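Enquirer: Here is how the chains run, residue by residue.
Protein chains: 4
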Amino acid sequence: MGITLEQAEKAVQAAKAKSAEINTLMNIAIVDAGANLVAFARMDGAWLGSLDIAQKKARTARYFDAPTGEIGKLTQPGGPLYNIEHSNGGLITFPGGLPITDASGTVIGAIGVSGSTVENDHIVAQAGVDALA
Amino acid sequence: MGITLEQAEKAVQAAKAKSAEINTLMNIAIVDAGANLVAFARMDGAWLGSLDIAQKKARTARYFDAPTGEIGKLTQPGGPLYNIEHSNGGLITFPGGLPITDASGTVIGAIGVSGSTVENDHIVAQAGVDALA
Amino acid sequence: MGITLEQAEKAVQAAKAKSAEINTLMNIAIVDAGANLVAFARMDGAWLGSLDIAQKKARTARYFDAPTGEIGKLTQPGGPLYNIEHSNGGLITFPGGLPITDASGTVIGAIGVSGSTVENDHIVAQAGVDALA
Amino acid sequence: MGITLEQAEKAVQAAKAKSAEINTLMNIAIVDAGANLVAFARMDGAWLGSLDIAQKKARTARYFDAPTGEIGKLTQPGGPLYNIEHSNGGLITFPGGLPITDASGTVIGAIGVSGSTVENDHIVAQAGVDALA
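Protein chains in written order, with our numbering: chain A, 20 to 152; chain B, 20 to 152; chain C, 20 to 152; chain D, 20 to 152.
Treat the hints loosely; a few may be bogus.
Pairs count within a copy or across copies, as identical chains cannot be separated in the list.
As the list claims (entries may be wrong) - Under the rule of at most 25 Å between Cα atoms (straight-line distance), these lysine to aspartate or glutamate pairs were calculated in the DMTMM-like manner:
hint, residue 1, residue 2
1, LYS35, GLU138
2, LYS35, GLU25
3, LYS35, ASP63
4, LYS29, ASP84
Calculated directly from the structure, the hints in this document are not laboratory data.
In this text the structure is predicted, and so the values were computed from the model without any measurement.
Based on the sequences and whatever the hints tell you, model everything.
Expert: What follows is the structure, given as structure tokens:
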């Protein structure tokens with residue numbers, strides 16, 4: 020099913036380190052190739068509401084094999100995917116979710132981060148992805 | 020309740036063939052006149068998130084006996100059906116869902132397709148409809 | 020993600036044939052290794068309520084890599100898994116769901132069948148499994 | 020809200036070690052005093068259906084500040100809490116969920132474990148609790 024727990028924990032730890040480095044408090048979720056949760060961490064004091072958002076970002080990124088922020092560009096009023104967020108039990112389509120690929124480019128899972136600005140969420144998610152590169 | 024499984028499978032196979040022809044990977048769902056699922060197929064490697072969207076497109080098209088893309092023109096901010104997507108456990112109102120009618124024009128079901136651009140989704144859904152014409 | 024659409028459709032056709040052979044009308048669902056739907060068919064006149072049950076049986080069988088009927092033996096009042104059905108958005112723990120394995124014994128998906136007695140549901144699910152052996 | 024991420028991760032690692040020691044594959048969830056998820060880990064190959072059950076066990080244990088198995092004794096047919104599992108979006112009331120207390124006896128969170136027999140689930144949950152004693 021793609022990503023291993025060892026890889027997922029490595030990504031979570033890298034994301035936590037980046038989060039601390041930029042002085043934020045994050046919820047971090049990793050799903051596997053089947054979009055099922057593998058690992059999760061909520062930093063002390065991080066927003067409670069981000070618990071669900073981090074998981075939905077990770078699932079959204081895997082559901083469509085794309086960064087959540089890219090999907091969000093298409094879901095605005097008048098856009099081709101307007102209100103896609105109503106599907107799949109709720110999607111999150113702003114930045115902070117990224118697919119995770121193996122060396123061959125196959126998607127093995129995804130990371131979702133929530134707890135700060137979407138710019139910071141994206142930076143921390145990218146740190147998780149980079150840890151497995 | 021309208022469409023038969025034999026008809027539904029014929030529409031699915033036609034949609035799969037069109038999808039392959041235009042080099043896409045689709046989720047294809049057929050519902051009957053009661054808006055209940057009759058047949059479904061997810062092509063290998065198609066987006067996981069489109070599994071739910073294809074079914075919601077088919078249901079949406081039958082719920083209102085209209086192409087989903089036509090409904091979406093009315094659900095934009097300021098439009099008469101703004102945020103109708105919150106009803107019925109989640110609707111999808113961009114293209115890719117089409118009603119299926121019999122020779123007399125009676126709606127016997129609907130097809131929903133998801134997995135590529137909404138233009139491609141619509142083309143593949145139309146191929147499913149045409150297979151039963 | 021395990022089972023292919025080609026394999027799934029083969030299992031569905033075999034289940035349909037067995038269902039006709041024993042004079043029943045079934046809903047048949049196939050999920051992949053990630054417990055996500057791959058293929059579905061509802062025979063004309065089959066119970067509408069079995070549409071959801073067939074899918075839940077398939078997911079339940081994959082969730083625990085076991086026949087649903089075996090799980091049900093443990094979920095009775097006083098049993099060790101009493102009321103496990105409240106998890107995962109609803110499980111079905113009576114017969115009709117079976118894991119599907121490859122030649123090496125790895126679970127690649129599952130089949131769920133609903134529409135008749137649980138004995139018949141199981142027989143038809145087994146026919147689907149056998150078609151891939 | 021009680022337990023820290025550092026404590027939660029310590030409990031998860033202890034539970035993973037005990038799980039490996041007794042040759043099982045577990046899903047392990049930790050919630051805080053607010054019954055909100057703090058940390059989660061799914062061991063490679065652990066049942067997918069246990070993902071949700073581990074989290075529900077942890078929440079159930081915190082909701083009532085009691086071991087899930089003790090609650091389950093009261094939820095049987097004829098019992099005082101019959102079918103309480105219908106509340107709170109689904110409870111799990113068989114063993115594998117335990118409250119976590121601080122040195123003063125105050126409940127600071129809970130652990131939920133799922134992936135084997137309920138006896139093994141309980142043993143692994145206890146190992147998580149003991150790691151924080």
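Enquirer: Are there hints from earlier that the structure breaks, and if so, what are their numbers?
Expert: Structure breaks no hint.
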